[in-house]
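Student: One-letter residues, chain by chain:
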Amino acid sequence: MNWDNKLPLNLDVLPLNNAQTETIFNQYTVRFRQGQINSDHPFYPKSSDLKVMRDDTIASVICAQLLMDYADFPDTVKDEMCLMVANSNFIDNGILDFNSIAQAISEIQKANTAEEKNRSLGAEVSPLIPLRTLTNGAESFVAQYTQIKGESTTCGSTCISTGHALDDAMSLFKLGVAQTAMVGGSHFANVFSFLNHYLQLSDCEGYAESTSASFFLIETASHANLQGREVLLWIENLLFNQWPASTEKVSRVYCGGSFTQGDSDSLLLRCQKEFSIEAITLFPFLGSLGCSELGFLLALADIQLEQGESALIYMEDVFGAFLCLTVKKP
Amino acid sequence: MKKSRVFIVFCETVSPLGMNGEALNKSLIENISAVAPMSQFNAEGLSQPNACEIHDELIGFLPSDGIDWNCIARYDRKFALMAAVVNQHHQALYAMVSSLPIERRGISLGLGANVFPMENIAMEVEELTTLGLFHTLHRVNQSIHPKFNAIFNHADLYAKYLEVRLGEVGFSKNILTACSSSTQAIAFAASKIMVGDADLMIAGGTDSILNNFAYISFGKLGVLTHETCKPFDVNRNGAIAGECAGITVLVSEEGLKSLGLDPAFELIGFGNSMDAYKITAPDPSGIGIEKAMRKAINMSGAKASDIQYINAHGTGTRSNDEVELRAIERVVGDAAPSISVSSTKDRHGHSIAAAGIQEFHVLLASMKSGVVPANLNTTKPLQTNLRLPVGVNLQHEIKIGMTNNFAFGGVNCSLMVKKLTL
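Sequence lines, in order, name chains A and B. When we follow our numbering, the leftmost residue of the first sequence carries the number 224, and every step to the right adds one. When we follow our numbering, the leftmost residue of the second sequence carries the number 574, and every step to the right adds one.
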């Protein structure tokens with residue numbers, strides 16, 4: 224693997240000063256979709272929890288509770304149910320605390336001795352910072368609000384991490400450790416994220432990303448049958464960095480997006496060429512969805528597939544790693 | 574389904590107890606504690622000026638490849654620690670990895686949050702705006718990782734580095750569950766072999782919170798002791814900070830045949846659970862801890878009474894140790910007097926996301942040597958009928974051992990290991 228070929232990072236574009244950085248930010252039509260979630264929502268988190276939650280964690284908590292409300296699992300199922308969460312915002316943690324961090328930096332700059340520096344840092348750094356930046360914060364709050372208490376983890380950090388979360392849940396099913404799982408992920412759209420991607424993407428025109436969350440429930444066939452549940456989709460195959468042996472029976476292809484219209488279009492074209500089927504992407508409607516994307520594409524497959532039809536979901540990350548998930552409508 | 578067996582063919586760490594297995598084993602046997610005054614930054618004025626640091630000259634263990642490892646060690650210490658593990662054992666690791674086809678091998682790493690050393694950043698920042706801070710952090714990041722074209726603070730950096738050094742893998746993933754990260758990374762790596770999806774998994778993790786920003790932040794959460802770390806002591810009052818990076822290689826029976834190795838250990842079970850209680854504290858009932866341990870035992874096919882040593886999470890904090898001890902007592906029942914339990918965090922510190930690989934390595938070393946590390950600083954142990962060695966190491970055979978790690982957020986993970994008779 225040669226990283227230089229994987230990431231088109233051009234050091235020359237790194238702005239020389241803050242004013243230039245700001246100019247770059249302003250020259251693009253950057254779309255952040257962060258629609259207000261109504262705090263009157265019946266599943267809106269408690270106000271005491273909000274101080275350690277990012278917007279995507281709030282979205283995760285609401286989404287997961289809606290799902291559990293629909294599934295109406297008894298406590299005995301929730302006690303053994305898996306919770307597999309993906310988080311694409313490893314790189315962006317901490318930005319919410321900028322004011323606190325800025326104040327700490329300012330104090331450190333003024334300090335003359337190590338003792339003064341440590342004391343001023345201690346005075347300015349909130350104990351909430353490590354909690355807000357906790358990489359498994361969404362997982363923890365989703366568990367607290369849904370009371371899922373089985374096998375649980377957080378995978379990160381690219382958009383295909385949700386595939387890894389799904390894969391881990393399926394491994395636990397195969398091992399007989401669990402029969403039901405909530406799988407999903409969230410994404411936090413913000414300025415840091417844009418600036419990061421500005422340095423990786425050849426062109427940021429049409430950059431768009433959304434603060435979003437999506438979760439879905441999976442069950443073993445026997446458990447779903449036992450519960451008399453309507454099966455929305457069968458998972459037929461999940462592969463990482465490998466193409467399926469055959470896509471003859473696949474009638475639809477859903478393709479993950481990138482961060483810009485241009486990059487998403489070229490990903491879509493490659494995907495269509497590979498599978499010889501016109502692919503569908505959500506990018507024009509929602510922008511980059513990070514770790515929440517897989518759930519959105521599964522929902523689309525559920526809506527669009529006819530009985531007996533199969534679909535392939537293709538997603539790719541910034542390093543070129545990809546996943547191919549084949550699902551079938553019963 | 575019949576699950577495939579998982580063999581442990583390699584485990585190495587760089588840690589405050591030593592830069593490799595041999596040094597770690599020696600320090601365990603000789604009861605050496607790594608607690609010492611902090612040197613990563615000037616801790617003057619802090620209530621806890623000590624930590625468990627890697628004192629060996631780290632740079633000497635890093636590759637001579639034109640990369641400014643001094644800069645990396647200063648700004649992204651956990652990356653340098655991981656590189657030191659790979660560099661020391663490159664030949665052996667490369668030989669193992671390259672013996673199997675790409676699609677049959679994978680990587681599973683446990684990582685902590687990225688926290689820059691604020692003192693160094695403060696010297697670089699010109700303008701205190703969001704964009705100004707980004708600008709500085711990115712400039713610093715570029716100076717840290719120019720050869721890797723790394724995305725700013727990206728978790729995939731670590732797995733990609735392993736691929737660059739050891740060869741491409743079929744898939745790689747990161748587990749981000751705070752103090753249980755690398756324990757879960759090992760567990761989920763094992764699951765991929767158990768279900769037949771892989772024949773070789775590189776698992777482990779890396780973390781260091783020994784910079785002023787991270788250290789002071791953790792201190793403000795009240796988890797760091799102002800005195801000495803005393804796991805399972807009545808008067809315990811907190812953890813001591815540490816750092817570590819480590820790698821273990823797990824293989825299937827097919828993998829063993831390809832490698833031609835005789836393994837000394839088998840990973841026979843793992844169990845995870847979620848407290849769903851609070852983000853900062855374990856469920857005081859200990860039900861989640863109990864569940865993770867029981868799951869690991871069930872998967873292993875062994876009985877709780879077959880366990881001879883448990884390397885406990887044992888942070889030395891008020892909230893963890895008694896809850897964990899009572900959960901262990903409930904799980905092992907009448908077998909308690911024959912089961913040794915200790916925490917080694919008092920000697921190597923709490924390395925957060927790398928605690929799992931650190932203590933997995935300690936468990937293997939203990940099973941190999943038959944030396945059960947004592948709780949070094951504990952003077953007034955909690956009442957228990959478990960065998961809780963205090964001050965002096967125990968010596969007995971360990972055929973089956975367990976290691977526990979729990980995390981902020983409520984994740985619990987237990988691993989079970991069996992010593993194989995050659």
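For the record, the hints were derived by calculation from the structure and aren't laboratory data. A portion of the hints provided could be inaccurate.
Unchecked claim - Derived DSS-like pairs: lysine-lysine, alpha-carbon spacing no greater than 30 Å straight-line: (1) LYS599/B / LYS301/A; (2) LYS793/B / LYS269/A; (3) LYS599/B / LYS953/B; (4) LYS333/A / LYS793/B; (5) LYS830/B / LYS274/A; (6) LYS953/B / LYS397/A; (7) LYS575/B / LYS552/A; (8) LYS830/B / LYS793/B; (9) LYS397/A / LYS599/B; (10) LYS575/B / LYS830/B; (11) LYS472/A / LYS397/A; (12) LYS793/B / LYS876/B.
Claimed, not checked - What follows is a set of in silico ranges between Cβ atoms, one per label pair, in the way DEER data are often shown: (13) LEU351/A / LYS830/B: 28 to 38 Å; (14) ASP488/A / THR702/B: 54 to 64 Å; (15) PRO622/B / ASP488/A: 53 to 63 Å; (16) ASN460/A / ARG903/B: 37 to 47 Å; (17) ASP298/A / LYS576/B: 42 to 52 Å; (18) GLU827/B / PRO297/A: 39 to 49 Å; (19) ASP525/A / GLY618/B: 54 to 64 Å; (20) GLY618/B / LYS269/A: 31 to 41 Å; (21) PRO622/B / LYS333/A: 44 to 54 Å; (22) PRO553/A / LYS576/B: 27 to 37 Å; (23) GLY874/B / PHE266/A: 34 to 44 Å; (24) ALA444/A / PRO622/B: 57 to 67 Å; (25) ASP272/A / LYS830/B: 24 to 34 Å.
As the structure is a prediction and not an experimental result, all values here were calculated from the model. C-beta atoms are modelled at their ideal positions from N, C-alpha and C, and glycine is treated no differently.
Student: Now tell me if each hint is right for this structure.
Tutor: Verification of the hints:
1. LYS599/B / LYS301/A: 45 Å, violated
2. LYS793/B / LYS269/A: 24 Å, holds
3. LYS599/B / LYS953/B: The given pair, whose Cα atoms are some 27 Å apart, holds under the 30 Å limit.
4. LYS333/A / LYS793/B: Roughly 22 Å separates the two Cα atoms, so the pair holds.
5. LYS830/B / LYS274/A: Measuring from Cα to Cα gives roughly 54 Å; hence the hint is violated.
6. LYS953/B / LYS397/A: 46 Å, violated
7. LYS575/B / LYS552/A: 29 Å, holds
8. LYS830/B / LYS793/B: 51 Å, violated
9. LYS397/A / LYS599/B: Violated: LYS397/A and LYS599/B sit about 41 Å apart, past 30 Å.
10. LYS575/B / LYS830/B: The given pair, whose Cα atoms are some 19 Å apart, holds under the 30 Å limit.
11. LYS472/A / LYS397/A: 25 Å, holds
12. LYS793/B / LYS876/B: 41 Å, violated
13. LEU351/A / LYS830/B: 28 to 38 Å: Since LEU351/A and LYS830/B have Cβ atoms about 52 Å apart, the given range 28 to 38 Å is violated.
14. ASP488/A / THR702/B: 54 to 64 Å: The hint (54 to 64 Å, Cβ to Cβ) is violated, given that ASP488/A and THR702/B are roughly 34 Å apart.
15. PRO622/B / ASP488/A: 53 to 63 Å: Since PRO622/B and ASP488/A have Cβ atoms about 56 Å apart, the given range 53 to 63 Å holds.
16. ASN460/A / ARG903/B: 37 to 47 Å: 42 Å, holds
17. ASP298/A / LYS576/B: 42 to 52 Å: Since the Cβ atoms of ASP298/A and LYS576/B sit about 29 Å apart, the hinted range of 42 to 52 Å is violated.
18. GLU827/B / PRO297/A: 39 to 49 Å: Holds, since GLU827/B and PRO297/A (Cβ atoms, about 41 Å apart) stay within the stated range.
19. ASP525/A / GLY618/B: 54 to 64 Å: Given about 59 Å between the Cβ atoms, the range holds.
20. GLY618/B / LYS269/A: 31 to 41 Å: At 37 Å between Cβs, range holds.
21. PRO622/B / LYS333/A: 44 to 54 Å: 23 Å, violated
22. PRO553/A / LYS576/B: 27 to 37 Å: 28 Å, holds
23. GLY874/B / PHE266/A: 34 to 44 Å: 41 Å, holds
24. ALA444/A / PRO622/B: 57 to 67 Å: Between ALA444/A and PRO622/B, where Cβ atoms are some 59 Å apart, the hint holds.
25. ASP272/A / LYS830/B: 24 to 34 Å: The hinted range 24 to 34 Å is violated for ASP272/A and LYS830/B, with Cβ atoms some 52 Å apart.
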